[in-house]
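Enquirer: What follows is each chain in one-letter form.
Number of protein chains: 2
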Amino acid sequence: MSEHVVIIGAVALGPKAACRYKRLRPDARVTLIDRDAIVSYGGCGIPYYISGDVSDLRELRTTSFKLVRDEKFFQECKDIEVLTRTEALSIDRQGKTVRLRDLESGAERDLAYDKLVLATGARPRRLGIPGEDLPGVHAVANLRDARDIRDRVSAGKAGKAVVVGSGFIGLEVAEALADMWGLEVAVVEIMDHVLPRNVSPALARMAQAHLAEKGVELRFGEKVLALEGEGRVERVVTDKGVLEADLVVLAAGVVPNGELARAAGLEVSPRGGVLVGETLRTSDPDIFAGGDCVEIHHLVTGKTFNLPLGSMANRQGRVIGSNLAGAKAVFPGAVGSFAVKVFDRFLCGAGLTPEQARQEGFDALAALVIQFDRAHFFPGKELMTLEVTVDRATHKVLGIQGFGPSGDALAGRVGAVAALMQKGCTAEDLSILEYPYSPPFSSAMDIVNTAGTVAENLLAGMNRGISSEEFTRRLRAQDPSCFFLDCREPDNAAPYLAAHPGQWHNIPQGQLRERLDEIPRDRTVVLVCNTGIRSYEGQITLEQAGFRDVLNVHGGMAGLKQSGLDPK
Amino acid sequence: MSEHVVIIGAVALGPKAACRYKRLRPDARVTLIDRDAIVSYGGCGIPYYISGDVSDLRELRTTSFKLVRDEKFFQECKDIEVLTRTEALSIDRQGKTVRLRDLESGAERDLAYDKLVLATGARPRRLGIPGEDLPGVHAVANLRDARDIRDRVSAGKAGKAVVVGSGFIGLEVAEALADMWGLEVAVVEIMDHVLPRNVSPALARMAQAHLAEKGVELRFGEKVLALEGEGRVERVVTDKGVLEADLVVLAAGVVPNGELARAAGLEVSPRGGVLVGETLRTSDPDIFAGGDCVEIHHLVTGKTFNLPLGSMANRQGRVIGSNLAGAKAVFPGAVGSFAVKVFDRFLCGAGLTPEQARQEGFDALAALVIQFDRAHFFPGKELMTLEVTVDRATHKVLGIQGFGPSGDALAGRVGAVAALMQKGCTAEDLSILEYPYSPPFSSAMDIVNTAGTVAENLLAGMNRGISSEEFTRRLRAQDPSCFFLDCREPDNAAPYLAAHPGQWHNIPQGQLRERLDEIPRDRTVVLVCNTGIRSYEGQITLEQAGFRDVLNVHGGMAGLKQSGLDPK
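Residue numbers (numbering that gives the first Met the number 0), protein chains in the order written: chain A, 0 to 567; chain B, 0 to 567.
Read the hints as simulated data drawn from the structure, not as lab findings.
A hint or two may mislead.
It does not matter which identical chain is used: a pair holds within one copy or between any two.
Claimed, not checked - List time: in silico SDA-like cross-link candidates among lysine to any residue, alpha-carbon distance up to 25 Å:
1) Lys65 / Pro507
2) Lys71 / Pro507
3) Lys71 / Asp516
4) Lys395 / Pro331
5) Lys395 / Phe219
6) Lys380 / Leu496
Next up, chain A with everything else stripped away, as it sits in the complex:
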């Protein structure tokens, strides 16, 4: 006789696990349970519904070919029963039953299971401050939030919005509100840059320069203390001041819904994530868990972490579906790849940032490279930035993040490195990575290969660089120990010579050998060019000539400009 599988949660992982299992065991009985009336939707699409890019909320609930994934769809197309507006109150592991409450009638009953799947998801982190429940204060957790926000802004009832948090959802919502609806948007971030869990300050600065161009006010190192208003939110009070707000969006991260598991005596992390093994079983072998409510293995740190992404939910759901049917499928963990669109720029990444790598105890080096995303002679080429972090001892790639104006081109490079990182890879692997090449797609020496070779050169001690920020700090301080040497052609250098008289110098890289006597040997020579290639060549030339203290500016003028630090 076939088993009864009960799945608690029917948004992403739940339906995926159910469908996979049913494909393997068509005669099995599966019951999907959800508190909400609406199931199986693309929650990641909510910011794009708010913006209007997605016109109808139904689109987030349909298949690629327009079938709405409702109870009827699951019953007819998948032979799966869905109980909506039904809450799972508790689990009796001995009796193998789940206590359910019908949220319409209030009636309670026990439902027996042979195997149970916890797909309880995560919820927006609450700030625990006064006013958090005022009308006009929203999270971006479900389709109701989505509709409420869009109804309000599309009716022209909000002029000023404050977004709390500058993670993915915070930035996506900031864009939606500012770009499509013309709101004045301020983003309040307690850390000192955007996407603080995902990118370095250097990459964040590029995104920030773009956000500022688009009119979004960014406020860093600022803590929200209270939300105030008469019957509706009107003000955000922070430790630095008061911001007017017709609309407040809380996007300060999420908390895994691990309470049901914890109450049933299953192992749960201090952060609330359900702990699972690589077959995605909890500490009870008859209970699986996956998606936003679990902690998974981090393939770089070896620790566990919570990675609330629809893509993870789908992949884990398939593994659970297979294992429910008796397979031995494993989910080995993740490197945590991500992608986010911010107006006309895109950021992607995987693994650790340079700062995170050092916090984790790695002796980490970071290579920041800026290069065209296809052949430099091909029309439509754009500058892309990649930052690769490697471990000094093993040359292992610990992380990659990038920024650029083409999301697809960026995701391609980051995706290739993320795939390699899932297997474990080194800087040398990036140098020979076979990104598909012809001029409309990439460069013969593609940026991902350059990132590898720059990392190799850093590891070999050949390339000694400083960041845009450090260069800017020294230049602004008029640091007398530094000799700032622009090694581009005179036309490029001229405006900077004029802007920094006596401080900014120019010798084209091709003339360095014959003009060595113009360069002081008792100061730090700081070389800058367009993207860091000629300044690296210049560094080698000067070191060969006996100069002992030479640095090149990683990313060059392109990096400075993209970061809003053009010293002109």
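Given chain A, put chain B in place with the hints provided.
Expert: Same frame as chain A, now just chain B:
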């Protein structure tokens, strides 16, 4: 004392090896030799110069920041001597000299080397037929060809062009001539589909449908016998007829320039490629070789092959540069990734096609999937096609190829799989590949993951499919043993029911369970839906109900339509 390195060939690999070596050994002496007057150019850009996308030939010779890479550039910026219009006649390996001829003066001399690098490239394959040297017959081998072709077409002196060969260069030139200059273009291919060395007939058919839409005449299985004309080419004579032509472009592949190596007693393959080890040394440890003139290790077949790509030249050049300086760098081989733009469509791939895999003796299965390249609710999504070939015994990925309207999105997926294939990977690795996810970039269950899961299901024997071609063959033959069942909604199916009365049937997938008695049990049930997802579900439903012979059409109606096989 530092060594003298002589490098024969100064287009791609030569300059790269020279520059890398000089960065590691700034005091070394390096001499680059080339027959041509112009060195270090992006030959891959020639089709885009012909088309006018690249306006000035100089752009193919400059760095990203507009410096022309001529003899002066190499001398001043790199401290490398370049001898142009100089031919290497022979190598005296005992005496360690190269015999050179100055092509201007005719003077000959010997140049001593400590280490020698062969970067002699490849040349267009000649057909060995009458008329091959007539004016108006061109190869696409160097900047002179490029200028000649563009000068002629831009002057309006050519109305009809014949391109011989439908590999990368053939298709790129066909596009350039037809799209930008409005020529009538015919492509003559001796094999039975375009890109015969790179993609399956199924993917080729998609490209062919697009080429036909763009007005390019495609002639398959046709052999060119002679080129004829009075003082200039006017006709192409084939085994099937005569084509008028004002311009003929020969693009029938390339032949490695291995003669110099062979004459010096170095090991050379029967196809003419110089044989090298993984440090890129020839059979003489003081002589390196790389780029278009060598054979490298194929990471899938384990055999050697010639892979004439600018990207390979750059990567190998770096390895040679490092090893010239005493490092132990290796070039482990390649999976042969490629990318080609064909009008408004793109093809990429790596490794073997299904047909090649079978020829190589693998028991290979191919999964063809069609899916949107980002979230199906996100504006601007497009259908992408991927075909993944796996080995039945080991589940190893042997190849991936794809087709679609977004080159960057396609290259990203293929690049990620190519990177994994360089390490060796299985279908299961693709199923969990962490392509960066958010709706503007990809799907929660991205197409690359779907390709992995479909391959897994094929390997498990769960998914039994047929190709667009096989479906079309059976439908056109009105095969009485087949029951063609469209499992989409009635609106979608209606035009096909009308077009194939009595032959085309329709039961939406969600109604299959309750309408089983409408389906004959003594015929092959051929299920078709939009892209193959519902027909796969339907197959499982029917098999559970005891149907023994059920097939689903891989790629569904989308595949048929893209292949020009819409049976409406």
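Enquirer: Which numbered conditions among the earlier hints are violated in the structure presented, ordered from lowest to highest?
Expert: 5 and 6
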